[in-house]
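Participant: The lines below spell out each chain.
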Amino acid sequence: MIEVDRLSKRFGAVTAVDGLSFTVRPGHVTGFLGPNGAGKTTTMRVILGLDAPTAGTALVGGRRYQGIVRPLHEVGSLLDASALHGSRTAWHHLLSIAQSNGIGRRRVTQVLQLTGLDAVAGRRAGTFSLGMKQRLGIATALLGDPPVLIFDEPVNGLDPEAVHWIRELFKSLAAQGRTVFVSSHLMSEMALTADHLIIIGRGRLLADTPTAAFIASSVRIDVLVRSPQSGALSDLLTGHGATVTTQDDGGLAVTGMDAPTIADLAAKHSIAVHELTPRRPSLEQAYLDLTGDSTDYHAGVLPEIGKPGQ
Amino acid sequence: MTTPQNPAATARPSLAARARDVLTFEWTKLRSVRSNSLTLLIVAVVTIGVTAVVAHTFAVTPGQAHGGPMSPLTESFLGYAEYTVLPVSILSVLVFTSEYSSGLIRTTFTVVPQRWTVLGAKAVTTGTAALVAGEVLAFASFFLTQAILSGRHGGLSMSHPGVPAAVLAAGFLLCVCALVGLGLGAIIRHTAGSIAATIVVIYLVAVLCLVLPSPWNTRLGRFTLPFAAYQVVTLHPQAHLFSPGVSLLVILAWPAAALVTAGILLARRDL
Chain A
1 MIEVDRLSKR
11 FGAVTAVDGL
21 SFTVRPGHVT
31 GFLGPNGAGK
41 TTTMRVILGL
51 DAPTAGTALV
61 GGRRYQGIVR
71 PLHEVGSLLD
81 ASALHGSRTA
91 WHHLLSIAQS
101 NGIGRRRVTQ
111 VLQLTGLDAV
121 AGRRAGTFSL
131 GMKQRLGIAT
141 ALLGDPPVLI
151 FDEPVNGLDP
161 EAVHWIRELF
171 KSLAAQGRTV
181 FVSSHLMSEM
191 ALTADHLIII
201 GRGRLLADTP
211 TAAFIASSVR
221 IDVLVRSPQS
231 GALSDLLTGH
241 GATVTTQDDG
251 GLAVTGMDAP
261 TIADLAAKHS
271 IAVHELTPRR
281 PSLEQAYLDL
291 TGDSTDYHAG
301 VLPEIGKPGQ
Chain B
1 MTTPQNPAAT
11 ARPSLAARAR
21 DVLTFEWTKL
31 RSVRSNSLTL
41 LIVAVVTIGV
51 TAVVAHTFAV
61 TPGQAHGGPM
71 SPLTESFLGY
81 AEYTVLPVSI
91 LSVLVFTSEY
101 SSGLIRTTFT
111 VVPQRWTVLG
121 AKAVTTGTAA
131 LVAGEVLAFA
141 SFFLTQAILS
151 GRHGGLSMSH
161 PGVPAAVLAA
171 GFLLCVCALV
181 GLGLGAIIRH
191 TAGSIAATIV
201 VIYLVAVLCL
211 VLPSPWNTRL
221 GRFTLPFAAY
231 QVVTLHPQAH
241 LFSPGVSLLV
251 ILAWPAAALV
261 TAGILLARRD
271 L
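Here the protein sequences line up with chains A and B, keeping their order.
Residue numbering for the first sequence follows my numbering, starting at 1 and increasing by one per position.
Residue numbering for the second sequence follows my numbering, starting at 1 and increasing by one per position.
Isolated chain B, as found in the complex (with noise of 0.2 Å):
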């Protein structure tokens, strides 16, 4: 009797191959999940509800439209600033504490053991899906916003200077945050944990510094994502934060460094 021989076993698959499988293997995890595109529904058309509601207070409030820090262009994302940004970085949470607490990560490093490959394809799903969400509500938050305005003050148009790019970078952050609940939730491990870090990581850092003494409040400020968001996506940056070049690599780096220090736990850990 011989051992059975597998041709598929012999053949060595190629990169794109390799990473096709990984890709559509978390993939069909991610949409096989009835909640989370349940939940991804809510969550749109909350935001779309609350950015209407903040939208016509706006209009209705005489003078607001030029002092304060609000802008017509900021104004647009406060609902999705709140009701899109947290619920969907903490479904990105869910993605690696799920299959913690219920073992399936064994199965899942055992038929792809090559533990970054699997970090980096949860990561590009999730964080494709992320960024599509974002830039769709964000552009549909500001279309919303400047229809309600444009009867009342006058709302900006998107052929304005500065503001697709800002547009963009709001939608962006959605994929940001998301990369950041996903490598809480791999370094961490347990779901409740791995929220509550996140919710500190996104919001709360940025919290504590505004109630700092000045000049700390934006020295440290600066460094955190809201800050940093404000800076890349408002037309008028405050002179005493980042510029929104440097505010853009800050906000890069939270990710990054969540992902690479998931990665090198991830590594290093048994299962």
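Okay, chain A solo, but in the shape it has when bound (with noise of 0.2 Å):
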């Protein structure tokens, strides 16, 4: 479990996190999500105590990270997969950080063979492709076996089939009981790793919600219908129930009826049809509504997202 509570961070005159407060509960892959810029990776560092908060707090397992001994057994992170010392090899890099919580070698053997390092675990670090280095950052993320697990973009720069395989660890590792915490600024990603998101933009929450909710009401249906006699065919589906919006090219957005209804109605009233598209927009375009600069930024303005902690 982590609990932040009314965060903030002030870098200078920059406001990196805004009166941040969500709940991060075991058992689920909850997605970390906004732009570039949005104050993720900062929330993940006064998360791990690494930076300070100007107000607020940030809680794991109801306790301040600073005051954890060992936390290798209680969080295990990943914040910057490259960040290695490039002469040392791959075990005596987890090696140490094995022995700075008190976890044996066996353990160390035991997480290579997991992310498939094991036969590689004798090179520099500095040889590895990014690919080797995110699997080896997960490996010291494991180290501890931990009850609560925080990844910041483990999958940027990876090829399919290390995504794929990213992607079912964590579905495992929260299968298991575990509280799994993954930023990513992309949501295509997200929809098919996470089960609950936290959406945020400029430091602020947008969003806190499970994946399901968040799909099912941003993904809105409309049928695209251009007809040389617009104004009469708009009166007529209007007058059938439907709701209808003149694009400024002068195509009509139609909702609430679907594509066979128009054509049938357009042609028992002999209204010529030139294009009729049912659309759907892409999960990636209600996100980037969502945090695209045009919108005040409020939770409260997606009320039919749910409430955080549904």
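Hints are computed from structural coordinates only; laboratory data are not their basis.
Mixed in with the good hints there might be a few duds.
According to the in silico footprint, chain A covers these stretches of chain B (three or more CB under 8 Å from chain A) [what the hints assert, rightly or not]: (1) 33-41; (2) 109-118; (3) 137-143.
No farther apart than 20 Å at their CA atoms in a straight line, the calculated lysine to any residue pairs in the SDA-like style are these [as the list claims (entries may be wrong)]: (4) LYS133(A) to SER101(B); (5) LYS133(A) to ARG106(B); (6) LYS133(A) to SER71(B); (7) LYS171(A) to LYS268(A); (8) LYS133(A) to THR41(A); (9) LYS133(A) to SER14(B); (10) LYS133(A) to SER32(B); (11) LYS268(A) to ASP235(A); (12) LYS133(A) to SER102(B); (13) LYS133(A) to TYR100(B).
Heads up, the beta-carbon is just placed ideally off N, CA and C, and yes, glycines get one too.
Please dock the two separately framed chains into a single complex, following the hints provided.
Facilitator: Have a look at this one:
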């Protein structure tokens, strides 16, 4: 369990995190979404005791991180996979970190096998590809077999196979009852991995909702209709209960009526139809609409998405 | 489904266990970077070589043993003072700055959030390694120099009063300079700047004092590491500098100031 309460972090004149509150619960993969610069990494650094908050608190398992002795047994984290000494071998890198928390060599071997790095453990970490560094970072996070796991952009720059592996790993960790908190700026990735979403923009909470609820409420279906007699068609469709919006280019965006019904109505009244396209805005678009600059940032403007903690 | 419980997480480790954790953490990091041991090996070879050349020159130059500030004792450490102290101090700077430049420092402080504990463990491991290397090379330099001098003007023996303490002090100075470098690395965080600052503190402040008009050269100079080091290593301390006892306090004050400042900044700063 991770509890962030009215957390703020300012760097000089820049407010990176602005009164952020949320709770990350065990048994789920919770996606932490926001555009680059939204404050995700800063929030994670505060949770991990690296940055001191300007105001508010962040607790892991009910405690401040700084007070935890041998924290690898309680929280595993990966902030930056390339943060390695290039001339140290993967084995020695992991061994030193294991020793810092009283963890034995056998566990080091185990996590190397688990992440598929056992064959390259003797190689210098500087020679690793990004994907191998990410695996090494995940091995580090798993060393203490912790109930809480925090990952910052773990799939950045990885090939599809590695992304799939990480996704399945996170799901299995959550299924074991662990708290898995994963940041990303990619909605599409989080839609596949996370079953709960915390979305922030400019350091503020935009949404705290189950992924399924976000998808259901955000994806509206409409039909684009073009006709030389758009005025008449618009009146006709409105008369039959549809909602019609005229687009800037003259096309009609119709909601509340499906494409076959529109076509039948138009044929019955001898109105020519030049285009009839059912549209399904992508999840990505819904996310962009939410985080875009045009919006006033408040969780309250999206009541249909669900209240925090559902 | 229940949250996994880890027995190691609930049992609070003893102070000794925590100390062992953090010391082995830092020691493994120190020994697993090949350039550290390689540099130390090169340092040893060069120091011994330079010491032999200096001793030979001293031996064949008539009258050197009796006049001038150099004695057969201080002569022993000319190679050591430059070719051991400088590179080892720079390696010590890297203990912090290499972690800052790679970002590893965040991992270090995530796995051990108690920042003073990390600083202490780094100081103990680096300081111990430097102390061992310093004593080995100080004694090697002494015996090599005296062996070369014994054929000419007659070298000093270890049984000469004050000699064992002086050689021990020379070895200890490497530990002092290493801790100054370590502390400055933690304070400045950037490798180049920290190395420059370390060279200024260890050598250049004293060089600057030398060019000041008398009596300011010695009045200020006695607070610097090289002047204080001379007083504790020589058998004939200069009267216008601090006594060997006070000079030892000066020597201890430099690393203490660097480490205390580093500790205060580490506790306050974001990473």
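Participant: Each hint needs a verdict: does it hold in this structure or not?
Facilitator: Going through the hints against the structure:
{"no.": "1", "hint": "33-41", "in the structure": "holds (count 3)"}
{"no.": "2", "hint": "109-118", "in the structure": "holds (count 6)"}
{"no.": "3", "hint": "137-143", "in the structure": "violated (count 0)"}
{"no.": "4", "hint": "LYS133(A) to SER101(B)", "in the structure": "holds, 17 Å"}
{"no.": "5", "hint": "LYS133(A) to ARG106(B)", "in the structure": "holds, 16 Å"}
{"no.": "6", "hint": "LYS133(A) to SER71(B)", "in the structure": "violated, 56 Å"}
{"no.": "7", "hint": "LYS171(A) to LYS268(A)", "in the structure": "violated, 52 Å"}
{"no.": "8", "hint": "LYS133(A) to THR41(A)", "in the structure": "holds, 19 Å"}
{"no.": "9", "hint": "LYS133(A) to SER14(B)", "in the structure": "violated, 33 Å"}
{"no.": "10", "hint": "LYS133(A) to SER32(B)", "in the structure": "holds, 18 Å"}
{"no.": "11", "hint": "LYS268(A) to ASP235(A)", "in the structure": "holds, 14 Å"}
{"no.": "12", "hint": "LYS133(A) to SER102(B)", "in the structure": "holds, 13 Å"}
{"no.": "13", "hint": "LYS133(A) to TYR100(B)", "in the structure": "holds, 18 Å"}
Violation of the numbered hints given earlier is confined to hints 3, 6, 7 and 9; the remaining hints are satisfied by the structure.
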